[in-house]
Amino acid sequence: MPRAIRSLIATGIAGVLLAGSAITPAVAAPLAAAKSDRTSAAEARRVDRVPTPKLRWYKCYGYAQCATVRLPRNYDKPKGATTEIAVLRVKARDQKHKIGSLFINPGGPGGSGTGIALAAPWFLSDSLLDRFDIVGVDPRGVANSDNIKCFRSVKDQTKAYAGLNVAFPWTKAEEKAYIASSKAVGKGCSTTGKPLTAAASTAEVARDMDVLRRAVGDKKLTYLGFSYGTALGQYYANMFPDRVRALVVDGVLNPNAWVGKGKARNQLQETRLRSADGAYKALREILTRCGKVSADECSLASTGNPVAAYDTLAKRLRKKPAVIDDPDFGTFTVSYADFVDASLGALYSPYGWMDIVGLTQWLLELTDPAAPAPVRAQASTALAKRAAKARQQRGYDFPYDNGYETFLTVDCTDAYHPKNASSWPKLVAAEDKRAPYFGREWAWATSSCARNTWTVRDKNAYTGPFNRRTSAPVLVVGNFWDPATNYKGAVSSAKLLPNSRLLSSDSWGHTAYGTSDCVTGAIDRYLLKVKLPAKGTVCTGDSQPFVYGPDWPEDPDDPEGPDERATVSKSALAQQGEPRRGEPKRLPPVVAPLPLTGTLTVR
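Using the working numbering, the final residue of the sequence shown is 603, and nothing's skipped along the way.
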């Protein structure tokens, strides 16, 4: 899989109570009494004539149950070809008082629903684990479901991907190679990838989820979706508005911006979503706050202007990549794109401000000829250690890795994109002017979606409207400093849905659940009792830049930080076993819409 598109998992420590720091207390609000919209006759006909599947559960991974089910590949032909869908559940601890099933999705597109469901006991509160069966579904083409495969062999895939093996293209030669590979991938998914690439849009996954809702015995859907999973949640809410019991979207993509309407169809998707704007806003705020504390608290403060220091380093790396040569860890080259990619990866974590400072400081010292030799050597060793760890996490060759292809299948099929891949260099340059550093990386991710290249379509894809009134209120959650799903996406999505409530969080990293007792408790309370937090509630994240807790490393510039991840490796989770009630929680293993891995990206 190309470095720029491999899944970045951003995780951390979760709280469980409706308490903690909040600007406005999360007091329950009454539900809207207005009548909901109805599922359209066409949509109801598609899903309701599919017989309720019988899920033949079997024990798996020690504490879970697994099943597979065959569902129509085309819901207009319910007796035609099928595709296999994998489902996993962790049963409620208190079956006697069980509310129902909580469907959960980690994002992507391309994230494994079965993986996040298996990890749920590590990050969901005990109150949710007591009262809900946690259900995860691997979307069409993903993980343990029938896989999308755009090339006949790993050899053919590797050849097509050759130009994508950079965090993002910077030089003219890299741009040329990246465009050629983007075209090859788009062509492969539009030919060899069929028929599944023509039947795996978000709308198809929403239909699958409605049929599976019936299969687990729930009259209405209870759902928690992160990142791109918020698009899936909003699709379901608008396609099946009268079938919602409780629905939470956390780290929100505005669905109209995701799809592209009218003249916006010819824009880059990033121009509409503005993910890079959120990333730049978060980076600049971290550097600005660094300049207001002592050098003991933030080493970049010693430069006098951390914002300028970061830009100085970026200019150095644009002119000449840094070379790390360490006797213990090996030789590495760090390009400008690698540095930006690592910065973006750091911003996904609530503790990423430590990473930003450490990486910038080390690279400033390494690229400064006037720096003392011992200082440069120390920086080189620190960077080499990190680069070696990132290298170990890369995947090569066998087995066939379809992560990029599942991401593209959904994005390119759901959304409108510019016609010609050759137009990307000019378009991404404009993105970089608006949102420095990150505009290019976000914009290049969809270059395979150019309409002249990606020609396969799902005729039953859903493109709106996204303003239906649901049978229960939708809780829309956004955090101010999210580097992937701009907070403005949460604000605009809440305005779109007439029966919704915005919950804001002054927190860091990608998505908000688990970043404070306040936001986690508000979400938990809503899912359990369908009671909304008070209008205007703003929670405050536990981790704030340059405010150190008792678990921090002695060196404030050490980017390792606290161990905040919930793993998604099923084998690792099975070995650990289900955590006991009361054990400390971590952040959910969220998959961002722009998966990352650069030379230095290890999160």
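Because the hints were derived from the structure by calculation, they are not lab data.
Just to be clear, a hint being listed does not mean it is correct.
Restraint-style ranges between C-beta atoms, simulated for each label pair [as the list claims (entries may be wrong)]:
(1) Glu84 <-> Val547: 25 to 31 Å
(2) Cys60 <-> Arg38: 50 to 56 Å
(3) Gly217 <-> Gly291: 55 to 61 Å
(4) Ala373 <-> Gly582: 25 to 31 Å
(5) Lys320 <-> Lys433: 21 to 27 Å
In silico DSS-like pairs for lysine-lysine, Cα to Cα no more than 25 Å straight-line [what the hints assert, rightly or not]:
(6) Lys315 <-> Lys385
(7) Lys172 <-> Lys159
(8) Lys419 <-> Lys172
(9) Lys320 <-> Lys426
(10) Lys77 <-> Lys419
(11) Lys96 <-> Lys149
(12) Lys315 <-> Lys176
(13) Lys149 <-> Lys319
(14) Lys187 <-> Lys459
(15) Lys529 <-> Lys172
(16) Lys194 <-> Lys155
(17) Lys194 <-> Lys433
(18) Lys459 <-> Lys219
(19) Lys159 <-> Lys54
Ideal placement from N, C-alpha and C gives every residue a C-beta, glycine not left out.
Going down the list of hints, with the structure as the test:
no., hint, in the structure
1, Glu84 <-> Val547: 25 to 31 Å, "48 Å, violated"
2, Cys60 <-> Arg38: 50 to 56 Å, "38 Å, violated"
3, Gly217 <-> Gly291: 55 to 61 Å, "56 Å, holds"
4, Ala373 <-> Gly582: 25 to 31 Å, "51 Å, violated"
5, Lys320 <-> Lys433: 21 to 27 Å, "23 Å, holds"
6, Lys315 <-> Lys385, "24 Å, holds"
7, Lys172 <-> Lys159, "20 Å, holds"
8, Lys419 <-> Lys172, "21 Å, holds"
9, Lys320 <-> Lys426, "23 Å, holds"
10, Lys77 <-> Lys419, "31 Å, violated"
11, Lys96 <-> Lys149, "43 Å, violated"
12, Lys315 <-> Lys176, "22 Å, holds"
13, Lys149 <-> Lys319, "39 Å, violated"
14, Lys187 <-> Lys459, "18 Å, holds"
15, Lys529 <-> Lys172, "56 Å, violated"
16, Lys194 <-> Lys155, "19 Å, holds"
17, Lys194 <-> Lys433, "38 Å, violated"
18, Lys459 <-> Lys219, "28 Å, violated"
19, Lys159 <-> Lys54, "42 Å, violated"
Consistency with the previously given hints fails for numbers 1, 2, 4, 10, 11, 13, 15, 17, 18 and 19, ordered from lowest to highest.
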